[in-house]
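Q: In the numbering used here, the protein residues as written are 8 to 423.
Heads up, some of the hints might be wrong.
Said to hold, decoys possible - What follows is a set of in silico ranges between Cβ atoms, one per label pair, in the way DEER data are often shown:
hint: 1; residue 1: Pro134; residue 2: Leu83; range: 14 to 22 Å
hint: 2; residue 1: Gly337; residue 2: Ala226; range: 14 to 22 Å
hint: 3; residue 1: Asp80; residue 2: Arg386; range: 54 to 62 Å
hint: 4; residue 1: Pro336; residue 2: Leu411; range: 31 to 39 Å
Stated by the list, open to error - Straight-line C-alpha distance at most 30 Å; calculated DSBU-like pairs for lysine-lysine:
hint: 5; residue 1: Lys390; residue 2: Lys214
hint: 6; residue 1: Lys214; residue 2: Lys19
hint: 7; residue 1: Lys390; residue 2: Lys328
To be clear, the hints were calculated from the coordinates, so they are not data collected in a lab.
All figures in this text were calculated on a predicted structure; none of them were measured in a lab.
C-beta: ideal position from N, C-alpha, C; glycine also.
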Amino acid sequence: VVPNASPYERGKDSARLELCVRRAREAGATLAYVNMMGGQDELVFDGDSIIVDAAGRLLARGPQFEEALVVADLDLPGARPGTPPQDAPADVADGTVMTIHRVSVPAPPAATGPARGSADVAAEPAPVWPRLSPLAEVYAALVTGVRDYVHKNRFRSVILGLSGGIDSALAATIAADAIGPGLVHAVLMPGTYSSAHSVADAEDLVKRQGLHGRTVPIAPMVDAFQADLELTGVAAENLQSRVRGMILMSLSNAEGHLVLTTGNKSELATGYSTLYGDSAGGFGPIKDVPKTLVWDLARWRNEEAGRRGETPPIPENSIIKPPSAELAPGQLDTDTLPDYAVLDAILGDYVVRDLGAAQLIAAGHDPALVDRVIAMVDRAEYKRRQYPPGPKITPRNFGRDRRLPITNRWREPHHS
Numbered sequence: 008v009v010p011n012a013s014p015y016e017r018g019k020d021s022a023r024l025e026l027c028v029r030r031a032r033e034a035g036a037t038l039a040y041v042n043m044m045g046g047q048d049e050l051v052f053d054g055d056s057i058i059v060d061a062a063g064r065l066l067a068r069g070p071q072f073e074e075a076l077v078v079a080d081l082d083l084p085g086a087r088p089g090t091p092p093q094d095a096p097a098d099v100a101d102g103t104v105m106t107i108h109r110v111s112v113p114a115p116p117a118a119t120g121p122a123r124g125s126a127d128v129a130a131e132p133a134p135v136w137p138r139l140s141p142l143a144e145v146y147a148a149l150v151t152g153v154r155d156y157v158h159k160n161r162f163r164s165v166i167l168g169l170s171g172g173i174d175s176a177l178a179a180t181i182a183a184d185a186i187g188p189g190l191v192h193a194v195l196m197p198g199t200y201s202s203a204h205s206v207a208d209a210e211d212l213v214k215r216q217g218l219h220g221r222t223v224p225i226a227p228m229v230d231a232f233q234a235d236l237e238l239t240g241v242a243a244e245n246l247q248s249r250v251r252g253m254i255l256m257s258l259s260n261a262e263g264h265l266v267l268t269t270g271n272k273s274e275l276a277t278g279y280s281t282l283y284g285d286s287a288g289g290f291g292p293i294k295d296v297p298k299t300l301v302w303d304l305a306r307w308r309n310e311e312a313g314r315r316g317e318t319p320p321i322p323e324n325s326i327i328k329p330p331s332a333e334l335a336p337g338q339l340d341t342d343t344l345p346d347y348a349v350l351d352a353i354l355g356d357y358v359v360r361d362l363g364a365a366q367l368i369a370a371g372h373d374p375a376l377v378d379r380v381i382a383m384v385d386r387a388e389y390k391r392r393q394y395p396p397g398p399k400i401t402p403r404n405f406g407r408d409r410r411l412p413i414t415n416r417w418r419e420p421h422h423s
């Protein structure tokens with residue numbers, strides 16, 4: 008029996024089964040891998056408990072992201088010929104050393120009462136729960152992470168800014184699925200450059216999901232700051248974001264909500280966020296979700312609603328329109344960042360797979376973009392240090408898995 012607290016990563020269930028099969032064969036014994044389920048800060052534990060026999064055959068498997076009692080009747084044969092003696096050390100293939108302790112019993116243990124398979128008690132097949140689809144398991148991990156962070160830290164409700172864009176739409180949907188729409192407070196904070204369609208999309212999402220919605224225009228507050236500060240350029244753009252952050256934190260302070268941030272991993276990686284603005288909060292549901300995966304999850308969630316005969320929770324316009332922070336006239340994310348499909352491919356290789364500049368270029372990425380993206384990622388380390396925790400879904404998230412100094416003169420050499 009292997010009690011475990013193995014945190015979730017995308018696609019980890021296949022690696023977990025392979026490990027259990029290998030260890031059972033090495034030990035020559037049936038192995039029950041019992042895994043934790045639930046969330047703790049950044050880590051999400053997905054359950055997925057496994058029983059395999061000494062030959063590596065799967066006997067039973069628990070569900071993902073659900074608590075369950077898995078019961079399996081085992082026919083345990085005696086030790087096979089050539090089995091190592093008691094306490095024999097075994098050097099396994101991956102270089103670790105495993106000590107096998109064997110306990111001999113004079114006869115197979117027998118339960119009292121009618122035997123399994125008799126006329127009185129029919130043998131039951133051990134359950135093997137089906138695996139979730141790749142997008143379903145990621146979504147379940149995010150919902151589990153939010154739900155347990157809220158409940159275990161004794162918050163009653165959450166609050167977030169709703170812009171009409173895809174990031175806040177997905178974050179709100181995850182929160183509603185995690186704790187119920189009646190406990191999700193969405194604040195629309197239109198500014199001078201907010202488009203009419205963004206406001207309409209945000210209002211549509213509130214109605215579709217039954218969230219608590221309110222509107223707090225930011226223009227009067229921004230104007231009050233500008234009357235004294237007269238900011239221009241990026242400082243003026245960031246002021247709008249910081250006013251929104253101040254509104255959310257003030258409502259949190261007054262009403263007791265947990266503030267959810269809505270930034271995705273692509274934005275965190277490149278520093279495309281505002282300190283004490285959209286990064287202000289207590290938990291980040293999509294902090295480890297690349298932008299391209301945000302779109303995939305939103306489409307999957309709407310399709311899932313359709314399969315259930317429910318109204319899709321996310322307005323289609325929020326999914327298909329070009330992303331924009333709407334802090335300046337006609338602004339689009341692509342004014343500052345590469346196309347997200349290209350950006351996420353580079354970030355996956357640089358951040359998750361830890362390739363250097365020369366390796367990135369050898370892998371086929373554009374040299375100029377490689378230099379640009381690496382520079383953005385490295386410069387943004389100080390921002391990421393001040394971002395709240397969020398569910399880990401990738402092999403390498405920011406913070407726990409990728410720890411680099413802020414004060415760091417060394418930089419990847421330019422290749423463009």
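Q: Please go over all the hints and tell whether each is borne out by the structure.
A: Verification of the hints:
1. Checking the proposed 14 to 22 Å range against Pro134 and Leu83 shows it holds: the Cβ atoms sit about 19 Å from each other.
2. Against the hinted window of 14 to 22 Å, the Cβ-Cβ separation of Gly337 and Ala226 comes to about 18 Å, which satisfies the hint.
3. Distance hint for Asp80 and Arg386: a CB-CB separation of about 59 Å, consistent with the stated range 54 to 62 Å.
4. Taking the beta carbon of each, Pro336 and Leu411 are about 36 Å apart, inside 31 to 39 Å as hinted.
5. Restraint check for Lys390 and Lys214: the C-alpha separation of about 34 Å exceeds 30 Å, so the hint is violated.
6. As the CA atoms of Lys214 and Lys19 are separated by approximately 37 Å, the hinted pair breaks the 30 Å bound.
7. Annotation: proposed proximity of Lys390 to Lys328 holds, straight-line Cα distance about 27 Å (limit 30 Å).
Figure legend: structure checked against the earlier numbered hints; hints not met, in rising order: 5 and 6.
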